[in-house]
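Peer 1: Could you slot chain B onto chain A? The hints should help.
Spelled out from the first residue to the last, the chains are:
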Amino acid sequence: MSKTDWFKPLQQILNCPIHAVTKTIAEWKDIVSANEAAPKPKQGLIPYVGQTADHNGTIWFVAGYNDSIVELLEIDRPTLLTTEKELISWTLQLNEQSPLHAKSGTASDTERSAKKLGEWIQRQLEADEPAYSLPDHLMIGNRLYNEMIPFLLVTEHTNAKQTAYAELEKLLKSFLSDDVLLIPLKNQEWLIWGPSSLLKDEDLDAFDEQEEESIEESLASIAIGLHEMLASEWIGECQLAVAHPATPANSLVETAILLRETINLGRKFHVGTNIHLPWMLQLERLLNSIPESQRTKYLEQSLKRTDLFVESEMLGTLETFFALDCNVSETAKKLYIHRNTLLYRLDKLKQETGLDVRLFRDAVLVKIILLLYKVTKRN
Amino acid sequence: MAGVRLEGIYKKYPGSDKASVTDVNLDIKDKEFLVLVGPSGCGKSTTLRMIAGLEEISEGKLYIGDRLVNDVAPKDRDIAMVFQSYALYPHMNVYQNMAFGLKLRKFKKADIDKRVREAAKILDIEHLLDRKPKALSGGQRQRVALGRAIVREPQVFLMDEPLSNLDAKLRGQMRAEISKLTKRLETTTIYVTHDQIEAMTMGDRIVVMKDGFIQQTASPEELYNHPKNIFVAGFIGAPSMNFISGTLSEKGGSVYFKASGVDVLVPEGKAASLRSKGYIGKEVILGIRPEDLHEEPVFMEASPNTIVNANVEVAENLGHEMYLYLNGIGTDTVIARVDGRSTIRDGVSVKLALDMNKAHLFDKESELNIFEN
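Listed in order, the protein sequences are those of chains A and B. Just so it is clear: in the first sequence, position 84 is 84 by the working numbering, and no numbers are missing. Just so it is clear: in the second sequence, position 1 is 380 by the working numbering, and no numbers are missing.
If you're looking for bench data, these hints aren't it; they were derived computationally from the structure. For each residue, glycine too, the CB sits at the ideal point set by N, CA and C. Careful, some of the hints might be misleading.
[As the list claims (entries may be wrong)] In silico DSBU-like links for lysine-lysine, alpha-carbon gap of 30 Å or less: (1) 440(B) / 562(B); (2) 391(B) / 115(A); (3) 562(B) / 485(B); (4) 485(B) / 170(A); (5) 454(B) / 268(A); (6) 391(B) / 374(A).
[Claimed, not checked] Every beta carbon over 12 Å from chain B, so not counted as near; a handful from chain A, in silico: (7) 113; (8) 132; (9) 219; (10) 247; (11) 250.
[Claimed, not checked] Label-pair distances were calculated between CB atoms; the ranges are: (12) 170(A) / 488(B): 12 to 20 Å; (13) 592(B) / 267(A): 25 to 33 Å; (14) 285(A) / 721(B): 57 to 65 Å; (15) 728(B) / 298(A): 51 to 59 Å; (16) 90(A) / 419(B): 39 to 47 Å; (17) 437(B) / 84(A): 51 to 59 Å; (18) 592(B) / 27(A): 46 to 54 Å; (19) 179(A) / 488(B): 19 to 27 Å; (20) 285(A) / 590(B): 29 to 37 Å; (21) 300(A) / 719(B): 53 to 61 Å; (22) 393(B) / 289(A): 23 to 31 Å; (23) 500(B) / 359(A): 49 to 57 Å; (24) 329(A) / 592(B): 32 to 40 Å.
In isolation and in its complexed conformation, chain A is listed as follows (with noise of 0.2 Å):
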């Protein structure tokens, strides 16, 4: 149904005429922080649609918004009735007919969803206080109380085309299942919910000598491969975070938080890797949380005793001996160096700053001093 279907049979209804008109974000923004008949909304200032707003006797509607522009509903009747307002406010919500949302004449049922329940979910991240539970009305059928496994995926590349839902849809039910649940959040992110049967591997059992996989071992070898597929098969370079499963229609928006997070650190702290794990991110989390002023002073203190930590042989030495748990055997053939000359390595960086990375005690301090020059060197 088109804009002109449903707005003439509006104005007949509460017998008052309507106007469709545009504002900027900052207008809107205004309006709203001027709203004298309701409080301010709870998602903060950011439009959605069939948000509403009061001011000296007009009352608005927002139909539809994009990064710079809000279109909204404008109705000079300051009588209009709450149930009023709320029916009106709950008919766009379900039917997003403006012109802005051009592209949901033509998606899917599934496609239209997604779209609003992302709109919900980015509302609530943005917000001060965001709301946790799902409202009704987005719940897409039982889907969302099965356990799943989330994946949030943010592409790279800058020239890409704006990726189409149903492309990358398809690919993630050929590759994962039908049972996957792809909602789009900002610009070329994604939340992917995929099947937690996933993890469940019952041809192995004839493998009895196998090495039962811890389920962080499972999620992160299905990362891997999904990387793999997504950088071969779609556009190229992404990053991917996974979480251990959930129920989405409880933990939509505690998942997004914590997938964002940690792709955020991941970022920040290992640049160059692309597969994210909540669980291998928990000292750069405690890290990320001390003031940037305290960072760069201890930094600073412990960089004063030595220039051997911002050597890239030294960098790229103490990186895998940390990865490979302080084993000096291990870490020399990784390198491809001998084993003399690794420890000849940790010999001068004992002489050097007195600490032995060989020493549990030692090699903490030094892979926090190694986490936090990666963060500050860039700044």
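Peer 2: Frame of chain A, contents of chain B only:
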């Protein structure tokens, strides 16, 4: 099949003032096996990832065949990639892993089956087709990753350190198998490694990179025998080339290279070039490979003007050959590779003759090979 052409390719990451890859120009011929080699951070993987479409090209043009592919998505470039991590799809069995790319491209079931089984036969993994990746060994996983690339019958194979997760023995085996395979399939291959043995044994041509710049592109033999600069000379060869800083002087119509403990005659052919380029009296760096220091009496008799005295710090006998770590030739330790049956032991003094016909001289400032530039 197709060649690949890189014209003035640059990669600059946002926020970085220095390019990670600078002005890379390469013309890779159809069916050629080209190896990109260099230390970590040299830009070899970034170059490969730009060819794959995983990284955007900041500047320059990339052609696969005659098609400009700068803005073509990886899936549409008709390439197949094999990476170090050989990230197999964990929830699919080997057959499904290999078939997935073809399924996406809407191949008929019968064609998919034919290609998968043929590739499995080539790679000797037919008996593993029903297994999940978790139930495979490292070598088997790597074969599956190769299989996944082969079934696509792409125009170009891109491989990024595909063997580095395997143990030494398996790496040797797979090295030979990949070489055999790419020759059989006659597919253009671009292969990234930091391992010079892989580079020397597999590549038709090798590109040596450092700090984002191509240092030299040449056949393995050319690189080994005619390195253009000190970096290439030191990077290719194990143990690496010895470098001795010294001065060139002329006495009685002959040119000599002099350094601490070294006073050797430069062959006339090379001396003429040094004279014409004005290097007499200047400081240069002598480069000599370990196998070009000789202890055999016959060689020493034939080269009395290139003999040096040295002390053997350590003699490492590998059986078929022996490495002598020597003091007294220049200021740094020099390594000589001699016959494994040699009787030389730790701590003794030895006389060795330098094969100056095979020696290189490098400009001290530019570090370029004086004879190759």
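Peer 1: Run every hint past the structure and note whether it holds.
Peer 2: Hints versus structure:
1. 440(B) / 562(B): holds, 28 Å
2. 391(B) / 115(A): violated, 34 Å
3. 562(B) / 485(B): Status holds; Cα separation ~28 Å.
4. 485(B) / 170(A): Holds, at roughly 13 Å.
5. 454(B) / 268(A): holds, 29 Å
6. 391(B) / 374(A): holds, 19 Å
7. 113: holds, 25 Å
8. 132: holds, 30 Å
9. 219: With a cut-off of 12 Å, residue 219(A) comes too close to chain B, as the shortest Cβ separation is near 10 Å.
10. 247: At roughly 21 Å from the nearest Cβ of chain B, residue 247(A) sits farther out than 12 Å, so the non-interface label holds.
11. 250: Holds: least Cβ distance 25 Å, greater than 12 Å.
12. 170(A) / 488(B): 12 to 20 Å: Hint holds: Cβ distance 18 Å, inside 12 to 20 Å.
13. 592(B) / 267(A): 25 to 33 Å: holds, 28 Å
14. 285(A) / 721(B): 57 to 65 Å: holds, 59 Å
15. 728(B) / 298(A): 51 to 59 Å: holds, 54 Å
16. 90(A) / 419(B): 39 to 47 Å: Violated, at about 59 Å.
17. 437(B) / 84(A): 51 to 59 Å: holds, 56 Å
18. 592(B) / 27(A): 46 to 54 Å: holds, 53 Å
19. 179(A) / 488(B): 19 to 27 Å: This hint holds: roughly 23 Å between Cβ atoms.
20. 285(A) / 590(B): 29 to 37 Å: holds, 34 Å
21. 300(A) / 719(B): 53 to 61 Å: Check passed, 54 Å falls within 53 to 61 Å.
22. 393(B) / 289(A): 23 to 31 Å: This hint holds: roughly 26 Å between Cβ atoms.
23. 500(B) / 359(A): 49 to 57 Å: holds, 53 Å
24. 329(A) / 592(B): 32 to 40 Å: With Cβ atoms ~35 Å apart, the hint holds.
Violated hints, listed in ascending order, are 2, 9, 16; each of the other numbered hints is respected by the structure.
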